[in-house]
Structure formats: C-alpha cells, structure tokens
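Asker: Got chain A; can you put chains B, C and D on it based on the hints?
There are 4 protein chains.
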Amino acid sequence: MGGKVCAIVGFGPGLGTAYAETFKQAGYDLGLLSRSGADLEGAEPSDISVCAYRCDAGDPESLRGGLSLVQDDLGPIDVVIYNADLAQFGALDEVSELQFEQSWRVSALGLFVTAKLLGSQMSERGSGVIIVSGATAALRGNVWTTTFAPAKSAQRTLANALAKQLGPKGIHVAYLIIDGVIDTEDTRANFAPSEPDEFFIKPARIAETALMLAHQDKSAWTFELDIRPFGEKW
Amino acid sequence: MGGKVCAIVGFGPGLGTAYAETFKQAGYDLGLLSRSGADLEGAEPSDISVCAYRCDAGDPESLRGGLSLVQDDLGPIDVVIYNADLAQFGALDEVSELQFEQSWRVSALGLFVTAKLLGSQMSERGSGVIIVSGATAALRGNVWTTTFAPAKSAQRTLANALAKQLGPKGIHVAYLIIDGVIDTEDTRANFAPSEPDEFFIKPARIAETALMLAHQDKSAWTFELDIRPFGEKW
Amino acid sequence: MGGKVCAIVGFGPGLGTAYAETFKQAGYDLGLLSRSGADLEGAEPSDISVCAYRCDAGDPESLRGGLSLVQDDLGPIDVVIYNADLAQFGALDEVSELQFEQSWRVSALGLFVTAKLLGSQMSERGSGVIIVSGATAALRGNVWTTTFAPAKSAQRTLANALAKQLGPKGIHVAYLIIDGVIDTEDTRANFAPSEPDEFFIKPARIAETALMLAHQDKSAWTFELDIRPFGEKW
Amino acid sequence: MGGKVCAIVGFGPGLGTAYAETFKQAGYDLGLLSRSGADLEGAEPSDISVCAYRCDAGDPESLRGGLSLVQDDLGPIDVVIYNADLAQFGALDEVSELQFEQSWRVSALGLFVTAKLLGSQMSERGSGVIIVSGATAALRGNVWTTTFAPAKSAQRTLANALAKQLGPKGIHVAYLIIDGVIDTEDTRANFAPSEPDEFFIKPARIAETALMLAHQDKSAWTFELDIRPFGEKW
Chain A
49 MGGKVCAIVG
59 FGPGLGTAYA
69 ETFKQAGYDL
79 GLLSRSGADL
89 EGAEPSDISV
99 CAYRCDAGDP
109 ESLRGGLSLV
119 QDDLGPIDVV
129 IYNADLAQFG
139 ALDEVSELQF
149 EQSWRVSALG
159 LFVTAKLLGS
169 QMSERGSGVI
179 IVSGATAALR
189 GNVWTTTFAP
199 AKSAQRTLAN
209 ALAKQLGPKG
219 IHVAYLIIDG
229 VIDTEDTRAN
239 FAPSEPDEFF
249 IKPARIAETA
259 LMLAHQDKSA
269 WTFELDIRPF
279 GEKW
Chain B
49 MGGKVCAIVG
59 FGPGLGTAYA
69 ETFKQAGYDL
79 GLLSRSGADL
89 EGAEPSDISV
99 CAYRCDAGDP
109 ESLRGGLSLV
119 QDDLGPIDVV
129 IYNADLAQFG
139 ALDEVSELQF
149 EQSWRVSALG
159 LFVTAKLLGS
169 QMSERGSGVI
179 IVSGATAALR
189 GNVWTTTFAP
199 AKSAQRTLAN
209 ALAKQLGPKG
219 IHVAYLIIDG
229 VIDTEDTRAN
239 FAPSEPDEFF
249 IKPARIAETA
259 LMLAHQDKSA
269 WTFELDIRPF
279 GEKW
Chain C
49 MGGKVCAIVG
59 FGPGLGTAYA
69 ETFKQAGYDL
79 GLLSRSGADL
89 EGAEPSDISV
99 CAYRCDAGDP
109 ESLRGGLSLV
119 QDDLGPIDVV
129 IYNADLAQFG
139 ALDEVSELQF
149 EQSWRVSALG
159 LFVTAKLLGS
169 QMSERGSGVI
179 IVSGATAALR
189 GNVWTTTFAP
199 AKSAQRTLAN
209 ALAKQLGPKG
219 IHVAYLIIDG
229 VIDTEDTRAN
239 FAPSEPDEFF
249 IKPARIAETA
259 LMLAHQDKSA
269 WTFELDIRPF
279 GEKW
Chain D
49 MGGKVCAIVG
59 FGPGLGTAYA
69 ETFKQAGYDL
79 GLLSRSGADL
89 EGAEPSDISV
99 CAYRCDAGDP
109 ESLRGGLSLV
119 QDDLGPIDVV
129 IYNADLAQFG
139 ALDEVSELQF
149 EQSWRVSALG
159 LFVTAKLLGS
169 QMSERGSGVI
179 IVSGATAALR
189 GNVWTTTFAP
199 AKSAQRTLAN
209 ALAKQLGPKG
219 IHVAYLIIDG
229 VIDTEDTRAN
239 FAPSEPDEFF
249 IKPARIAETA
259 LMLAHQDKSA
269 WTFELDIRPF
279 GEKW
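Chains as they are written, first to last, in the numbering used here: chain A, 49 to 282; chain B, 49 to 282; chain C, 49 to 282; chain D, 49 to 282.
Just so you know, the hints here were simulated from the structure itself, not pulled from any lab data. These figures come from a predicted structure and were not determined experimentally. Please note that a few of the clues may not be correct.
Chain copies aren't distinguished; within one or between two, either way the pair holds.
Within a straight-line C-alpha distance of at most 30 Å, the following computed DSSO-like cross-link-like pairs (lysine-lysine) qualify [claimed, not checked]:
#1 K72 x K266
#2 K72 x K250
#3 K281 x K164
#4 K72 x K281
#5 K217 x K52
#6 K266 x K281
#7 K217 x K164
#8 K250 x K217
#9 K52 x K164
#10 K52 x K281
#11 K281 x K217
#12 K217 x K72
Bound-form chain A, shown alone:
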C-alpha cells in the first residue's frame, strides 16, 4: 500500500486478469471489482495490495459502493480500467428489451457512474487515467450486434466526451478498439475451438498497451487505438 492505485471494473479471467497482473507488476495496488468478487489467482490472502470486491457494474449503487471501498482500502484511485461488458449477441428477434437495457447499463451507464465518482476527484488532483476496453462494435452495427453495438458505441462516445472534458484537467481517457477474439479458456473451448494460436489476441499484450497508455506523457496522449492479431482479416 501507499503506491499508485489501479481499479479494474469488470475483473475476471482473460483480459481482466491480464490487466491485473500487468499493473501489479508495474507497482500498482489493485482494486478488483467483479460480480463474483473473484480475487487474482495466486494472490496471497495476506497481500494487502490486491483487494477484490463484489459489485455489479450495471447497478450504479453497487458500483459506487465498490469503487468507494477501493478508495477506503487502498487510497485515491490513480488509474481505472473499465472492462465490464455483457457481450450478448443476437439478431433483433433473438434479443430482449431487458438484454438491450442490461448491455447498455453495464457498458455505458457504469462508465458514466465511474466518471462521475472519480472524475471530479481526479480533476482536483490534476491527474488520473481512465482506460476503457472497447470493441469494433462501437463503430458500427452488424447483424448479430443488436444489443452490443449500441452499448459499445454509447460507451465510446461517452469516453470521447470525457476525454475532451477531462483532458485539459490532466485526466487521460483512452479507448481501446479490441478487434478480435481474446485468448481465454472460454473462447478456446466455446467460441473458436478449432482456431490456431495466431487467431487469438493474447490478453497480456493488450494489457501492455494499456500500461503504455497509462504512462504516456500528457503532451502526446492517445485517445483511441485499435488492437488485433496480425493474421486477422479486417
């Protein structure tokens, strides 16, 4: 404790874990927020620099509670990585009004709540970083992204509005357009079981780029970048 604090909203296996490991390695204390309250695998119970919290990013009350606990336990949040998503896919007649709303709550409303809570504190300190795990679906709709594209595009333009508002106050907001399938046990088994290694984006490499963004000098900030595996057809 006493170091810089990184909160990860939407912690979990895959990308969330990669963010956690990469920022821990870089010396950050970690506040991990997830619906399950999962901890970083291999983290010692006595490791007070890694704290896990149960909260629902789609529920403002719950999310505010989680972020406040991080600050109570670890101190002011320097970097927040917004990584929460429902990632539900389907055509218009396959998705429900509830799913449409839930997707938006987790992707967009939760980011709004996070920015409301942390933005003014970061503004007062004159520094802070907000990084969002985005997707190509933020740029356009497609036949199977009836709920996902609207949720992600709302998230992206919110991040864009935040970047323009908070940048001059010293807060760096960045949006990652992740274009491809992230390599996890789940995606290997269920989403793309027969694809070779090179089909997948390694989550640790996304996290490296996120760390680079978190450390960019304020005279040359990046708002948006895309990330995809070299063999991707795009």
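Answerer: Leaving out everything else, chains B, C and D in the frame of chain A:
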C-alpha cells in the same frame, strides 16, 4: 384511410410537423405520437387520416401502446419516422445519472421497441421504411454532449444493425445526420436569437429528403446521409 | 440550348449513361466527356442539347480543354458530375507505380482540375453543383485496393475540402459512397456472372439520387450519402 | 552495425530527429533520408551506425536509391518510419495543380515506392515494421487542406491496404494520427508564437509511442492511434 400509413414518433413543432406535412402531402395517413398528444396544426377534427396519440417514447409500454393504436386506427404502418429526442446538453458535472438514462431511453431504447414491434410485421409484408432523425453527436462525443452523444450513437449503431438485418427482408432503414440548428420558433428565440436566416436548416427541407429516402428504389438504398445549411462551418 | 447545363466527366455505359438520361429527362443540356468521345446512345445527331467530347480526365490539359468546349457550346456549366475512375484492383505486388499514379490522376487530380476551372465561375454566379461518384474504398484500404483506395480517399477528402470552401459561396458539393456492383453489361458478364438481379445496383436509381442532390434546397444540403442494394452484405 | 536497422524517410528537425534519437537509444542503426542529406546533430562522423542520405521522397528513383544505399551500408531495413510531407496549406484558389501533385507524391507515392521496395523483402524475412506519421487531415478535408487532406488520406488508406496485406506476412504497418502542432523551433517562431508550452506536442513523446508500436507483439498489433496534447480542443 386506406392509403399508406406513416407513424411519427416524437411529433411536435419544427421537424415533427414538417415530416407530418410532407408525408401528408404525399398521400400518407398520419399517426402522430408525442408526449403531449399534440395534433397537426390546422388538421380538421374530421380528418380521419391524421390521428394524434399521447405516448412517451422513453417508456416501452407507452410507446408500444401508441404504435398499436396507430395500427388499430389506420392500418399497418408502412413508414415510421423516429424523431424522439431529449436533446439535453451539459458537461459531466452538469448532468445527472437520470438524464443520462432518460436520454438513452428516448433515443435508443424507443427505437429498439419500435423495431421490435414493427420489424417483424414489415418483414412479413416484405416492405417498410424506418427513418431516424439523427445528429452529428452520433459520431463523436464533445464537451457538452455527455448524455446526448452516447444516446445518439447508440441509436445510430442500432439503426445500422437494423439496416443490415432488415434490408434483405425488404425494409429500408435510414439515418439522417442532421448537422445544424433547425429553424423553429424555439431555436430562433432561445438558442440562436441573433443568427440570420441562412444559419438555420429549414425543417421542410429535411422532410423532403426523408420522403425521397422513403421512396428510394430497393436496388439503391441509402443508409446514412448528412444534412446541413450551406453556410455551416463544419 | 438555353437550359441548364450538366457536364459529365467520365461518361460511358452504365452509370455515366444513367446520369445522362436522368439529367436530360430533367431538362438539362448535356456535355459528355469521355476518353472515347462516346455519345449518348439514341441521341439524334441534330440534338444540339447533347454534346460529346473526347478527353482524358487524368490529363489536366485535356480535361480543361473538354470542359471549356462544353462551355463554348452549351454555356456555363451548372452541374458537373465527376464520374471518372480507373477502377484497377490488385495487391501491392500486382500493381505498378504507373497504375498507382494513373488511378490518382483520374480520380483525384481530375477533380481538382475541374474544381479549379469551374469553382471560381460558380462562385461568381453564387450557384453550382459538383457531384462525385465515390466508393466505399474512399473510407478504408483493403487487400485488393492498393491503388483504388488511395485514389478514392484523396478524391473524397478533396470533395470534402471543396464542400466546406464552396458551400458558403452557394456551390453544393456532394459525394456518393457507391457500395456495390453497378448493373451493366460488363459487370454482368465479367465481374459477377452468376448473381441474381438483386445483387446489382441499378444505375438509373443512383442517377435519381444524384438528381435529388442537385436540386436540394441550400438550407439543407447533403455532402455524403451511401448507396447499396437492399440485399448487400455490408 | 549488425544491430537492427531503422530507416527514416523525411528526416529533419523536430519529429524526424526525435524518431532518430529514440530509435538510436533503443539500439537501432539509423539510415536518415532527407532532401538536404542532413545528419543527426551531435552524431560523430565516425559513428557508422548513423548514416545520412540525400534523396527526395517525392521522386521514386531518388527514393529507391536512398533506401538501397541504407541497405548497402547498414543491412536489411527492419523498421521504416515514413515521415515525409510537404505540409502546404491553402484554399482552392491559393494552391496550384503542381502543389496538389507534389503533396501527393511526397505523402502517398513515396510510401507506395517504399512499400514496393521493402515489402517483399520483409515478407520473405517474415518480419518488419512500417510506421507512418499521419495527420487528422487524413480523415477529412477542411477549408485550408485542399492539397494536404487528399495527400494524407491517400497515404492513410494505402497504409491501411498495406496493413491488411502485409500483416499476415508478419509485417506491422501502423498509422499515427498526429493531431496538434509539434514543438519545434520553426513552429514556435512562425506558426504559434504566442502559445504556451502545453499547446505543443513534444516530438520525443510521439517517437516513444512509435517505438512502442515497433515492439508490439504480433498477437496484438495497433494499426491506428491518435496523438494530441492534453489541452487540445478537438
């Protein structure tokens, strides 16, 4: 009655009225949906081809009710123009979580509800038109569009997803990027009181373009176009 | 003669002919410019309202000569439709430096030359229309658009710069993102021989949209719109 | 010699020098190509790991010659940074046909020539990096970018086509959207003499991001990112 039916969600002064007049002129029966239940000015009470309904586009139950009444009274809806918006502006610390949600409900959720209700009917008939009044804010966030940009971008990528899904079924979905201030009594008085005529977009001209889109041949459909006054700085 | 004048740079079978027929129908005198000097099929030799000229859009001298002849013969040009393209496709190792340059000359330099010649005249008259046949390749590169995408994107951002400069002077510049295969004898035979009717964009329908753009009221101009067949996968 | 080789096309004060210093620091041997044949300031004449060459990026023959000399002197090029630009600005009636062509030759044709020469070699080796200094003008035209926007957008979509073609062969192509004024003696004196420090992008920070891109793991490559100072209004 017996002609083609055009429903306008978010009817009101300015653009809503222009849509109504233009499509009435073109022979459509009109179903006008608004929170106030306003009727087309000058419409005879005995004019059964123009029906006004009170409903809230941000409330799915209410919106479904309104659209169903249009169909009960006038028959299947051929063209729906989605023109509902809250158009609230402000920086992060000037807008509330409630406003963020309400903006999204009216702009995006209402369009989803409309498409759910009408999309399958139109698909069965193999024809139909869904036109959405959009804005430049759908493409990017800005310092004063903390709620508006996320709402409009969610609406745009939803429209985009719908266009790709419903196009092959004969339903034309189109999105208007309206870039400028629409000429109404309200905008003249409150938003841009000292601007000359040429500063404003005339709503009747937007409606003309919408009518053209509604009548485009299916071999050459437009999904998206921008509209701005010739003197606009952009 | 004595009516409005429409010049078509890059006249030929398919879209060029459709533009010609549509604008002739709408009462325009036509100046047709092409490398072959082809005339509108069925045009009476005595029809002095249709004039054909041989010129190369990729050669500034030749293009200026052709446009000047149109003005000598028919009077000031009110509408110019820039429809010239090489449409060569190939990967990096399949295309030559010469092709890269020629594509740019025909798509982009020719539009610059046209705007240089006509823009100041139109500005003096306070009116004029410049419509450009564009393509999705203007927005992004792809594996087979090594020469085409750079040529079309240069053309598009030039048109965009022209729209912003000339709009306030009363000149309407518009760019059509044509996304799909145009129905011509050639594309039917060589490009997509086994596709059904609905695969193709009918050129007459593109021309209709162009005519609508040419007649848009200046309070509500469109710079860019996309056009594709309803069944297109995009 | 014997280390990795980085060629910088369009070497000069400001960003070119920053690229050179950053990649030299990272252990690269440098091949510097510029119209003046300028050397890296402070480079010892005996430092055979830094070689300067006189060539014109807008002249294919000259550029091929320069790149070949780099390879003769230093060995195969691992990283090429394409940093050449004319950066001429003006409205339609302020720029000439020659300027329009020259801008394109330096920004777009030179990149094509570079990719032709190096792409196949890099493909054979299965690795290589091509980084392009881009600009916001690549995305849209504006009133003063009549020549610059078409040149940069051609460059960007070419880079995009190259990224899609060469990525699967192990070559990383990346495009930097530099959005702001780079801090150099020249821009301080002539372009923005009264602006505070924070108005400018520090070239060394752009170069850092370029180095990061050059070292990204191939499972998570970035094609495009934007860079601007934190106080920029955008």
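Asker: All the hints need checking, so say for each whether the structure fits it.
Answerer: Hints versus structure:
For the identical chains of this complex, K72 and K266 are neighbours both inside a copy (22 Å) and across copies (23 Å), given an alpha-carbon limit of 30 Å. With identical chains, the CA atoms of K72 and K250 are at most 30 Å apart both within one copy (18 Å) and between copies (29 Å). Within a single copy, K281 and K164 get their C-alpha atoms only as close as 38 Å, which misses the 30 Å cut-off; across copies the closest is 21 Å, which meets it. In this assembly of identical chains, the alpha carbons of K72 and K281 never lie at most 30 Å apart, being 33 Å within a copy and 34 Å across copies at closest.
For the homomeric pair K217 and K52, the shortest alpha-carbon distance inside one copy (19 Å) is at most 30 Å, but the shortest distance between copies (40 Å) is not. Taking the shortest alpha-carbon separations for K266 and K281, only the inter-copy value of 14 Å comes in at or below 30 Å, while the best intra-copy value is 34 Å. Proximity of K217 to K164 under the C-alpha cut-off of 30 Å is restricted to the intra-copy arrangement: shortest distance 14 Å within a copy versus 43 Å between copies. Taking CA atoms no more than 30 Å apart as the test, K250 paired with K217 passes between copies only; the shortest distance there is 18 Å, against 33 Å inside one copy.
For the homomeric pair K52 and K164, the shortest alpha-carbon distance inside one copy (20 Å) is at most 30 Å, but the shortest distance between copies (47 Å) is not. Taking the closest pair of Cα atoms, K52 and K281 come within 30 Å of each other only across two copies (29 Å); inside a single copy the shortest separation is 39 Å, beyond that limit. Proximity of K281 to K217 under the C-alpha cut-off of 30 Å is restricted to the inter-copy arrangement: shortest distance 12 Å between copies versus 39 Å within a copy. Within a single copy, K217 and K72 get their C-alpha atoms as close as 26 Å, which meets the 30 Å cut-off; across copies the closest is 34 Å, which misses it.
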